[in-house]
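Those protein sequences? They're chains D, B and L, same order as listed. Here our numbering is used: the first residue of the first sequence is 332, the next is one more, and so on. Here our numbering is used: the first residue of the second sequence is 6, the next is one more, and so on. Here our numbering is used: the first residue of the third sequence is 649, the next is one more, and so on.
Any given hint could be a false lead.
As the list claims (entries may be wrong) - Footprint (simulated), chain B over chain L, 3 or more residues, beta carbon under 8 Å:
id	segment
1	811–823
2	835–842
As the list claims (entries may be wrong) - Examples of chain B residues lying across from chain L (beta carbon under 7 Å, computed):
id	residue
3	G43
4	P88
5	S98
6	G106
Honestly, the hints are just simulated from the structure, not real lab data. Ideal Cβ positions, reconstructed from N, Cα and C, are used throughout, including at glycine.
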Amino acid sequence: MSIINRSLAVLGLVLVTCGATQAQTSKPIKVGVFVAVTGPGSFLGDASKKTFELYTQQFNKNGGVDGRQIELVLYDSKTNPKEAASLARKLIDQDQVDVLIGANTTGEAMAVVPFVEEANIPFIALAGGSVVVDPVKKWVFKTPHTDQMSVEKIYAQLRKEKRSKVALLSGAAGYDQSCRKNAKELSARLGIDIVSDEQHGSGDTDVTTQLTKIRGSGADALIYCGAGAPSALVARNYKQLGLTLPLYMTVGVASQAYIEAAGPAAEGSRVTGSAILAFADMMQDDPIYNVSRSLHDGYVASYKEEPSAFSGYAYDALLLTVEALRRAGTTDKAKVRDALEGLKNIPGVNGIYNFSATDHLGFSADSMWIVEVKDGRYRKVD
Amino acid sequence: MLLQVDGLSCRYGRVSAVNDVSLAVREGTIVAIVGSNGAGKTTLLRTLSGIHDAAAGCIVFAGSDITRLAAAKRVAVGLVQVPEGRQIFGALSVEENLKLGAYTRPANEISAGLEQVFVLFPVLAERRAGEAGALSGGEQQMLAIGRALMAQPRLLLLDEPSLGLAPMMVEFILEKIVELNRRGLSVVVVEQNASLALEIAHDAYVLETGRVVKSGEACALLRDPAVVEAYLGG
Amino acid sequence: MVDFLQFLVAGLSQGAIYALVGLGFSVIYRATHIVNFAQGEFVMIGGLGTAGALSFALPMPLAILSALVAGCVAALVLDLIVIRLARFAPALLLIIVTIGASVALRGAAQLAWGRNFHSIPSPFGSEPLHVYGVAIMPQVILILVTTVGAVVGLQWFFRRTRFGQAMLAAAINPTAASLVGIELRHVYTATFLIAGLLGMIAGLLITPLAMVHFESGLAFSLKGFAAAILGGLGSVPGVVAGGLLLGVVESLSAGYVSSAYKDAIAFLLIIVVLLTRPEGVFGRRSTGRV
Chain D
332 MSIINRSLAV LGLVLVTCGA TQAQTSKPIK VGVFVAVTGP GSFLGDASKK TFELYTQQFN
392 KNGGVDGRQI ELVLYDSKTN PKEAASLARK LIDQDQVDVL IGANTTGEAM AVVPFVEEAN
452 IPFIALAGGS VVVDPVKKWV FKTPHTDQMS VEKIYAQLRK EKRSKVALLS GAAGYDQSCR
512 KNAKELSARL GIDIVSDEQH GSGDTDVTTQ LTKIRGSGAD ALIYCGAGAP SALVARNYKQ
572 LGLTLPLYMT VGVASQAYIE AAGPAAEGSR VTGSAILAFA DMMQDDPIYN VSRSLHDGYV
632 ASYKEEPSAF SGYAYDALLL TVEALRRAGT TDKAKVRDAL EGLKNIPGVN GIYNFSATDH
692 LGFSADSMWI VEVKDGRYRK VD
Chain B
6 MLLQVDGLSC RYGRVSAVND VSLAVREGTI VAIVGSNGAG KTTLLRTLSG IHDAAAGCIV
66 FAGSDITRLA AAKRVAVGLV QVPEGRQIFG ALSVEENLKL GAYTRPANEI SAGLEQVFVL
126 FPVLAERRAG EAGALSGGEQ QMLAIGRALM AQPRLLLLDE PSLGLAPMMV EFILEKIVEL
186 NRRGLSVVVV EQNASLALEI AHDAYVLETG RVVKSGEACA LLRDPAVVEA YLGG
Chain L
649 MVDFLQFLVA GLSQGAIYAL VGLGFSVIYR ATHIVNFAQG EFVMIGGLGT AGALSFALPM
709 PLAILSALVA GCVAALVLDL IVIRLARFAP ALLLIIVTIG ASVALRGAAQ LAWGRNFHSI
769 PSPFGSEPLH VYGVAIMPQV ILILVTTVGA VVGLQWFFRR TRFGQAMLAA AINPTAASLV
829 GIELRHVYTA TFLIAGLLGM IAGLLITPLA MVHFESGLAF SLKGFAAAIL GGLGSVPGVV
889 AGGLLLGVVE SLSAGYVSSA YKDAIAFLLI IVVLLTRPEG VFGRRSTGRV
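Chain D extracted, bound-state conformation:
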């Protein structure tokens, strides 16, 4: 697929440079990307890579940035912070990219931050951890919802349903532990009581023991702080033990892959994430409907699969980059950064971005949806 894409991109490039005479002399804008195509975060990075390849081509077809083409330089960071850091340096020093996007995991993002600040280059991270933009770093922005937002959103929903006793189950990975920490910290403020705090190892193939304990804990809701495949194991063991308390999962699970992996056991579980997860339930008057639709339809047409929340992060990063470049009217890094920070009311797939000097994430938990698996699809929960 990527070969076809690339040749299409080349074809598009040729067509555009022939047609748009005013752009003939201008060099392409280089966007450097590193994503976790392989390694434990591959379920994130794969969707990101596909999105970048597809939509760089599409933006270029639509004229690029005021006639200048976008050249994508994309590397696999293997979900490895060291690898990510060295790729970031390579992109900055050798490839001389104008903007840096990447890091599907929080560990990778944090490893790259020092280089970005030293090189003074705008960087949009695709990682969930709130630590990436809190405290605010001058050159660092991010598009994904944070694990903290997921927890806030779930807690709000629980209070609406008059539930207050929560059991936590988390894995050993960085995301899991960050989510677990946030869940515990937020609980007191939001009137939630954590009655059980269980964990599982990274290669575990059974969590019935932990779930049995949770069953006896008196909890009236279960939150799984984890990402990727172990969530399907949790869903299966949950069904096996016949648990009845509602099962919530966070944004780390937000893709179709979860439903495929867990099969019928996924039915009824709830997941927080971008509205695009339940695109069919979006209202046409939703301010982010159009942008979601353009990602959804293009992605499905090209890859024959539903886009995940992780496609949305990549899409928004690209969209914000293009918008900032357009407004800056130059590739001067400081001006592009200022333009990014000045972006207001930009509808993206994850929400409406309102960056400021004190906020490099740009939206709140309100832009998040809780969806529930019904008949093998995500549906919005009201």
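Start from chain D and add chains B and L according to the hints.
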């Protein structure tokens, strides 16, 4: 000739252990190979059995060249060794050890083979279910010989059969070797205890630092003053 | 009580899988004195290979067969490389070679079956049985029965067949084994095939319950190796007991102490065992008289 060895040399790395050795074993005879410790006797036997590679020379057994034949295949053609230090399978039972001896033979020969060995060494029959590692040194030597006999050898190679045994047991084992030879089995016996070996052998070779320094009829060597002085403590 | 039984069921089913993987370690270690850290990859191949074949709409028996064939080819290649090198390479290097092989197998699996997690359906469906309030997946019963069957089969093979005896003999004393006419090459090849099959059986058993992906092998290698060490590398019943013990200890410590420290507790147990009984809880002290 049952076994004909010509110009055989073997090395351990760059060290030469056996140098240009030629010897012959006539069908139905006992051949003794004597020499002091480190003379290359064990290396010679290991090379005959294919455990060690020959660097030069050739080994012809029963009319066919076996110089490059794998160790396991040499057992199948009837060249069987009772190694130095018995090397029995200690964790297995006596009977299992014996059955393994017949590994190259068809399964229907096993019970007849066991019968023969038990007649030769009745003590093994008593201990057949016991663990081989629990046997005494002499019993282990019987087991090692019995295991080799299970392969229906044409030529039996014995490496230091008397090593570490009480004199009475040495006597008993040698008697059995002679008995087997009378029934037609050809034998090569390697011994540090030269007088014992020369007494039962027909032909003999004296090995010194990897070379054959003397050979001839065993009874002649027994009377050779040089041999007597060097190896028989005379 | 119901909770305890539920913990026990989880521990036994996990432990049985550890035991099968541990047996693979044990079989190869006994014959070659090599610790094969690619052992867990066979679990992955068994599960992923079957899932991959099922995605081509093959019927289940054929899918399993094709996975087994793929795994046996991998085992043969591993055998070829490791045993060739064993003629002159030191043991430590061979262990590193097996680690390299596991990386290569992971890479190959990623190319063949992608990076996603896959599962295969259980022949008994996904509805649990309820016994005195304990939810037991029928697959768990299959795991336990198959493990018992594999152990009995293995014991029978080693004690009652000529080739099995030859494998034992070669493990005890390779030189003596070739002096009775046993071809060591065949023994080593069979060793790798048996170890590979044990791993793949574990993979076929666990994949319907959990899911596997190309990197799942590593965790199985670690747990299987731990089981083998715990039980004494050389003994079949010991390794099985070691696996079950490890599984149950993990589950009970998650249940009654802390799920965060269950792995730590299990590995602490292994360290204590290694310090007090280096031959394993159930291993025999070697009988010195040979």
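The hints, checked one at a time:
With 7 residues having a beta carbon nearer than 8 Å to a beta carbon of chain B, the segment 811–823 of chain L meets the requirement of three or more and the stated coverage holds. For the segment 835–842 of chain L, the stated coverage by chain B is violated: 0 residues have a C-beta nearer than 8 Å to a C-beta of that chain, whereas at least 3 were required. Hint on G43/B is violated. Least Cβ distance to chain L is approximately 20 Å, over the 7 Å limit. A least Cβ separation of about 6 Å between P88/B and chain L falls short of the 7 Å threshold, and the interface hint therefore holds.
With its C-beta approaching chain L no nearer than about 10 Å, S98/B sits outside the 7 Å limit, and its interface hint is violated. Among the interface hints, the one on G106/B holds; its C-beta lies about 5 Å from the nearest C-beta in chain L, closer than the 7 Å criterion.
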